[in-house]
Amino acid sequence: MISRVHFAACLVIFACSTAAQAQKQQVIGAPPEASNMKLVGTNDLQARSAYQPTIQHQGDRWIAYIGHHGGTDDVPSPVNPMTGQAEPNGTSIVDVTDPSHPKYLRHLPGQEGKYESGGAQMVRVCDGKSLPKGDPNAVYMLRTFGSEAHEIWNVADPASPVLVTRIGGLKDTHKSWWECDTGIAYLVSGAPDWRTRRMTQVYDLGDPAHPQKIRDFGLPGQEPGSTGAVPTELHGPISTGPNGNRVYFGYGTNKGGILQIVDREKLLTGPKEPTPDNLRYPEISRLPMSAFNGAHTTFPMLDMPVAEFAEDKDGKTRDIVMIVDEAILNECSEARQMVWFADVTTETRPMMISSYTVPEASGQFCQRGGRFGSHSSNESMAPVYYKKMAFIAFFNAGVRALDIRDPYHPKEVGYFIPSITSATDKRCIPIEGGARCKVAIQTNNVETDDRGYIYIVDRANTGLHILELTGPARAVAGLPKN
Amino acid sequence: MRRGATIALAAIALGASGVGAYQLAPAPVEQTAHWREIAWPFPRDGWPMGRAFRCDGACTGAELYVRAKRSFCNCDRGVADDDEVDRVADVDLISPRFSAMALGEEVSIGDMRGRARRYDLDMPDGARHAAIGVAVSRRCDLFVAAVRGRGDASAVQRAALAFLETQEMKIWVTAALDGR
Numbered sequence: 001m002i003s004r005v006h007f008a009a010c011l012v013i014f015a016c017s018t019a020a021q022a023q024k025q026q027v028i029g030a031p032p033e034a035s036n037m038k039l040v041g042t043n044d045l046q047a048r049s050a051y052q053p054t055i056q057h058q059g060d061r062w063i064a065y066i067g068h069h070g071g072t073d074d075v076p077s078p079v080n081p082m083t084g085q086a087e088p089n090g091t092s093i094v095d096v097t098d099p100s101h102p103k104y105l106r107h108l109p110g111q112e113g114k115y116e117s118g119g120a121q122m123v124r125v126c127d128g129k130s131l132p133k134g135d136p137n138a139v140y141m142l143r144t145f146g147s148e149a150h151e152i153w154n155v156a157d158p159a160s161p162v163l164v165t166r167i168g169g170l171k172d173t174h175k176s177w178w179e180c181d182t183g184i185a186y187l188v189s190g191a192p193d194w195r196t197r198r199m200t201q202v203y204d205l206g207d208p209a210h211p212q213k214i215r216d217f218g219l220p221g222q223e224p225g226s227t228g229a230v231p232t233e234l235h236g237p238i239s240t241g242p243n244g245n246r247v248y249f250g251y252g253t254n255k256g257g258i259l260q261i262v263d264r265e266k267l268l269t270g271p272k273e274p275t276p277d278n279l280r281y282p283e284i285s286r287l288p289m290s291a292f293n294g295a296h297t298t299f300p301m302l303d304m305p306v307a308e309f310a311e312d313k314d315g316k317t318r319d320i321v322m323i324v325d326e327a328i329l330n331e332c333s334e335a336r337q338m339v340w341f342a343d344v345t346t347e348t349r350p351m352m353i354s355s356y357t358v359p360e361a362s363g364q365f366c367q368r369g370g371r372f373g374s375h376s377s378n379e380s381m382a383p384v385y386y387k388k389m390a391f392i393a394f395f396n397a398g399v400r401a402l403d404i405r406d407p408y409h410p411k412e413v414g415y416f417i418p419s420i421t422s423a424t425d426k427r428c429i430p431i432e433g434g435a436r437c438k439v440a441i442q443t444n445n446v447e448t449d450d451r452g453y454i455y456i457v458d459r460a461n462t463g464l465h466i467l468e469l470t471g472p473a474r475a476v477a478g479l480p481k482n
Numbered sequence: 001m002r003r004g005a006t007i008a009l010a011a012i013a014l015g016a017s018g019v020g021a022y023q024l025a026p027a028p029v030e031q032t033a034h035w036r037e038i039a040w041p042f043p044r045d046g047w048p049m050g051r052a053f054r055c056d057g058a059c060t061g062a063e064l065y066v067r068a069k070r071s072f073c074n075c076d077r078g079v080a081d082d083d084e085v086d087r088v089a090d091v092d093l094i095s096p097r098f099s100a101m102a103l104g105e106e107v108s109i110g111d112m113r114g115r116a117r118r119y120d121l122d123m124p125d126g127a128r129h130a131a132i133g134v135a136v137s138r139r140c141d142l143f144v145a146a147v148r149g150r151g152d153a154s155a156v157q158r159a160a161l162a163f164l165e166t167q168e169m170k171i172w173v174t175a176a177l178d179g180r
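Order-wise, the sequence lines are chains A and B. The first sequence begins at 1 in this note's numbering and counts up by one. The second sequence begins at 1 in this note's numbering and counts up by one.
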């Protein structure tokens, strides 16, 4: 009798665990998971692994430029159905004027190579009218070309880009920043003689046809000829331009992160020879992070009024930098990568004040497959969301909408996890004697436009999803009810 | 490297056994190297702890530190240059003040290829030590080793690489790179 009871109990436990396992996995045809966010439109981006999206208002059109990683082992160069040719992943150009019907305009091939070794992952866009010496009829797209170059294209006709210039001879590239009003660009490059894969090359791209090199920059110990330990490599900077006079550099990706606060004027006009003293000269301070976490995105939100401090005689407003780590390993095989908020009001004493992560148990994300953890945030400073809401790409947990009006207490107010499709690529982990693979959404990046649409792109080839806020999340941003 | 592989094969043939006390085949100096596991001596950092060994015999006093660094490598190029060895090989754990003594050289451990480079270490107590950094890759993952010692650097490097070629270490390296 007892053994029968035990047998029955085991069956129940087995059935429950099987059901739970099934619940963890995404399946084709299932609806997206969402809260206070809704799908407006999609594009498959030719099933290319997507990285950085940038949305540009060009005349009366809205154009999305989306960088891609290299191809995969299975499909190194996907076929472009518009040309019938196999093309190495590069840049997708999509007309999103009507976000419910995005129209794919052009695929601009990138460097041959797979995963991080190819493609054209990053993209920034400046209007020729805003650049000091730009052609007012031009729109300039700055993109990486795999690991070997930065390129500027004239995309005034986004379906027919024209190459303007190329800065090559590099051993790596990554997430650059371009000030559209001054033309100053902080290009994340691997200069061949530097000891790190990624550092900063500062250029004046105010006249995109004639790039002017200003200087190389990095952490002391990375420069040519130095010895000893090599500091964590750069991931990307964000500048507040001449008005804010600060550049926030994020070093590290998923480990040993550093937020470096730099005086922009000193960076641009200070001594340029890459000696340790000259590299230290423009630095105001650093915030070293835990060895467990990196600084993928360092997004400044200066002079934020904090309601809780409104009655205080000092410190009513705070300068905040949101730091986003990047998860690297599949199925939670590393320390959690998440979002951090640093109060940098007293610039020489920056301090971490809060953090945010998606609760793992809310979706059993460690079991779903692929990466779980943060990767990046929107980087648009358009008023619609700036200092009010942040959107975080969280890989298999989709995109998460945060109310950041009180950065000491960030709060999730919405999320959207797209459905997988037949194009969604598998993600594998090694197991004894082979590999175990699962298919899951891998929301890699997110960007917003001035209209309030939210664009998310997928690293696992599921394409572009254009979203809008619904319900109470719209009120956080001050958007009218829909 | 062929010599290293020969030593490793000989070591296996001679029955190197157990993680705690490896014995290598006779080195050219006609001495035997024993690697004895010791506690990982470094504070916690962003990477999982590795394993540490101290050599008795042919490379007496040398210490070897090994660990896997997953998803830390260019998946196509592997360990491309000496700068990468400087960055990743954990020599900075021993002392952040080190300088390369020469260009590195290509090495392999099992099927993994990469580079090794010799360094002069400036220790906190003012002592000077020699060290060797090794970094090899398996797709996007790295396996790194740092060795320090006072003896002949070539002999220490040979002994360390031979040790890493032993079957027991290969099994552990594979498991570490798999995240197991």
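Don't read these hints as lab results, they were simulated from the structure. Careful, some of the hints might be misleading.
Said to hold, decoys possible - A few chain B residues that face chain A, going by a derived Cβ cut-off under 8 Å, partial list only:
id : residue
1  : D45
2  : R51
3  : N74
4  : S99
5  : E105
6  : E106
7  : G179
Think of the CB as a built atom: it goes at the ideal place given N, C-alpha and C, for glycine as much as any other residue.
Against the structure, the hints come out as follows:
1. D45: holds (4 Å)
2. R51: At 19 Å from the nearest chain A Cβ, R51 (chain B) fails the 8 Å test, so the hint is violated.
3. N74: Holds, because the Cβ-Cβ distance from N74 (chain B) to chain A comes to roughly 6 Å (cut-off 8 Å).
4. S99: holds (4 Å)
5. E105: Cβ of E105 (chain B) sits 18 Å from chain A, so the hint is violated.
6. E106: violated (18 Å)
7. G179: holds (5 Å)
Consistency with the previously given hints fails for numbers 2, 5 and 6, ordered from lowest to highest.
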